[in-house]
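*Asks:* What follows is each chain in one-letter form.
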Amino acid sequence: MSDKVLVIGGGISGITAAVEAAEAGMESVIVERNPSLGGRVAQLYKYFPKLCPPYCGLEINYRRIRQNPKISYYTLSEVESVSGSEGNFTAAVKINPRYVNEKCTNCSDCAAACPVERSNDYNYGMNSTKAIYLPHDLAFPMSYVLDKNACNNGCQACADACQYGAIDLNMEAKSVEVDAASIVVATGWDPYDAAKIENLNFASIPNVITNVMMERLAAPNGPTKGKIKRPSDGKEVKNIAFAQCAGSRDENNLAYCSAICCMASLKQATYLRDTDPESKAEIFYIDLRAPGKYEDFLRRLQEDENVTLTKGKVAKIEEDAATGDPVVTVEDVLGGGKIEKQFDLVVLAAGMEPAAKSGNLSLNISFEEHGFVDGDRLDAGITVCGVARRPDDVTTSVQDATGAALKSKQVAARAIQTAGGK
Amino acid sequence: MADESVEKGEETAGADAPKAGETEPESAVSTADPGVGPAEKTESGEAGATPEAAETGPAGGDAIPARVIQPDVRFVRDVINAGGSDLKKCYQCATCSVACNITPDDTPFPRKEMQWAQWGLKEKLTGSPDIWLCHQCNDCTAQCPRDAKPGTVMQAIAKMTIANYSISSIAKAVGSAKTFVLMALLPVIIIMAAIGIQGHFSNVPRGGNGAIVYSEFMNVYRAIDPIFTIFFVIAAVLLILGGRRYWNDMLRNHVSEGGAAPEKGFFGNLWPTVTEFLAHKRFRKCDETRDRANSHLLVFYAFVGLLLTTAWAGLYMDVIHRESPFPMYDPIKILANISAAAGIIGITMVLIYKFTHAGKIGRGSYYDWWLIGTIYVLLLTGIGSELLREANTAVFAYPVYSLHLMTVLFLFIYAPFSKMAHMVYRMVALVFARATGRDLGVE
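Protein chains in written order, with the working numbering: chain L, 1 to 422; chain W, 1 to 443.
Think of the hints as simulated: they come from the structure by calculation, not from any bench.
Ideal placement from N, C-alpha and C gives every residue a C-beta, glycine not left out.
Relax, there's no trap hidden among the hints.
Computed list of lysine-lysine pairs in DSS-like fashion (alpha-carbon distance at most 30 Å, straight line):
#1 W:K354 <-> L:K196
#2 L:K280 <-> L:K341
#3 W:K354 <-> W:K281
#4 L:K70 <-> L:K94
#5 L:K225 <-> L:K196
#6 L:K341 <-> W:K285
#7 W:K89 <-> L:K196
#8 L:K229 <-> L:K46
#9 L:K196 <-> W:K285
#10 L:K225 <-> L:K235
#11 W:K281 <-> L:K316
#12 L:K94 <-> L:K409
#13 L:K225 <-> L:K341
#14 L:K70 <-> L:K407
#15 L:K407 <-> L:K293
#16 L:K196 <-> L:K235
#17 L:K341 <-> W:K281
#18 W:K264 <-> W:K281
#19 W:K360 <-> W:K178
#20 L:K174 <-> L:K357
#21 L:K280 <-> L:K316
#22 L:K46 <-> L:K225
#23 W:K285 <-> L:K316
#24 L:K316 <-> W:K89
#25 L:K196 <-> W:K360
#26 L:K174 <-> L:K148
#27 W:K89 <-> L:K357
#28 W:K360 <-> L:K357
#29 L:K174 <-> L:K94
#30 W:K89 <-> L:K341
#31 L:K46 <-> L:K293
#32 L:K316 <-> W:K360
#33 L:K280 <-> L:K46
#34 L:K227 <-> L:K50
#35 L:K196 <-> L:K316
#36 W:K354 <-> L:K316
Beyond 10 Å from chain L on every Cβ pair, some chain W residues (computed):
#37 R67
#38 L182
#39 I234
#40 T310
Required output: the full structure, derived from the provided sequences and hints.
*Replies:* Set out below in structure tokens:
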């Protein structure tokens, strides 16, 4: 009788569920769509509660995975179908080719030889990588991967350059079957497509970016090596605005609150303030949500006289043609009057959309009205955790994932009991 | 503390919208004092200033005295029932004020109106120029993230302003589809009586060569002039009185908020406002409903043209004693026909637009359709009378002409109580805004 748990999604929630379950004695298997584990957390510069870089949390988890023989993982993989029921699931997993095998030493000779570039999704398209690339310097597994869609036809420059025989351009997709007693859905989120928020002109004004892009701009391994420079002309940002609820709590976009954007903007204001004492930040909000102990963090920013908190939603952004500066229009609800203000950079505090939607997850599960997995209406043996369930911060997602591990343990125990009773 | 009143308000603002009708618990009604008349309500007008004063509380610090807001719960319910059923969905994000292209920058609307309406601050709303500076572009409604329909709420408040400054029981009856037949009965009876008294039900007089002559059917001097003059004068008096009261209420609110009384009063600012209005520049600033600039312009000029025609006809008949019908080449006839055509084109554009661009804005309320329908029937029967007279088909011509008279009378009688009154209140608001420098730069 298998006590294995299949974890769909290898972000912070999925990793946590798998590691916690394995450390409680179960076997766990992670199926991750991307070439590396780590998910959205790996794309942050710093995260709550301690404002440390994601290296600390992820490195610890990677070590737990490496040291625990009960944990296995598939990257570049998708669950294609699931059959069976609680205690007895069988999942067909498709493993897409990496074109790079375990002989890879990350020497980067292949990338140096590669003639083409691709948009770097890790940096939300703000720079590019070669077609063969290391996902990022926190990649796990630490191995190059080839984006064959970006390759020139018939090109094998990388394979020729590799002295370890690590590149196999003929690698093909494989399918494996995974038997599992329980399943944890930890498919996480995608940033909301800010181009859909028509009045904010994200698509047409280069110096209007999203909050996830801001994380990359501030990160030392980001496109600007941690210097907060704006996209249009590389000018260092001295005066930044944050537009809260950009597309959130909005019937025309995401009707719900994504729960994290307020704290994210407050945090991102410190990215600029901590590095440049002259810099100014202004946060335009409807309501500021700083739950629990985060109130202290809010207070810290309120006390900073170079940080202004203005009640009123940014409902229009235009571009000043001469400078490329975004100009925001807001009704200053407390101060009175409609104001226009010019900034070096405007960050849209856009929300989170569930990555798993009906149709792209091969599991028979229900979704609630906003597209998150409805945890109350799942078949026995299936659990959901993290942002796949509801918008939440890292801390809460980790706690949720630990709970999911316990649920899986219960399923396995029940299954073993049933089998033993027969 | 000041914070308390803010919290109280946000409770109303933040809560998910209850269904129309079931707003606050009845007990809250007792906090409003129905016995206090408008004149004595200066105090509550002051209380009305509280939201703004209190709002600065949390950010600004001490020094702000606590004030009690007395919500007029009945007013809140009335706004909801008058079409603002989504009022309580508003969570005060202020997208609407930014979306609006014709709002003054210093006192933007309609965000504050949404809050005042949620809080039941009737005096602040009915005595606010902003209610009528709003031209129903509905850009706010299109962009509202909560689908609270600020444009519709503004219109509901405007409708209540008309009731407030006329006779509210009649205004309510005019605004309700249920009482339409009853309302329509009055002009029907008057016109029928006039026909009956002249004995023209059975013995319809004809002109020289057997032609249809409407002025024989309804004698201009003994029937048309007295009936229409009486009701025109009543309507004009009611509208002028209402407009005056509106002006005074605006002035009182303006001064109580620390504004200076305007140097030049209503008449000193009337002419520049009229000239601005003639070009319909504000309508053209609408994004969602930009086409309304042209349709409204056509209907507006049609009414001006028909008013001139009427005056001109009076001149012909009473002063130089030229009898109608006037020949088609006569300038009066040309002006009348052009005006009628412009009116029909304009109102048809309104109609088409209502159906093709409904979307989030909706197709409008009974209140809108009352006016659109009345104007339509008025213009169609007017043109119909003319054509049927030319075709000499008496059996249709006289009934259609009678219906035309009834419709004109219907519009005259109910003008002060219906959307037709918008011409006065909007003009008064525009003049007031100019006089007080409220919306400098908007026009």
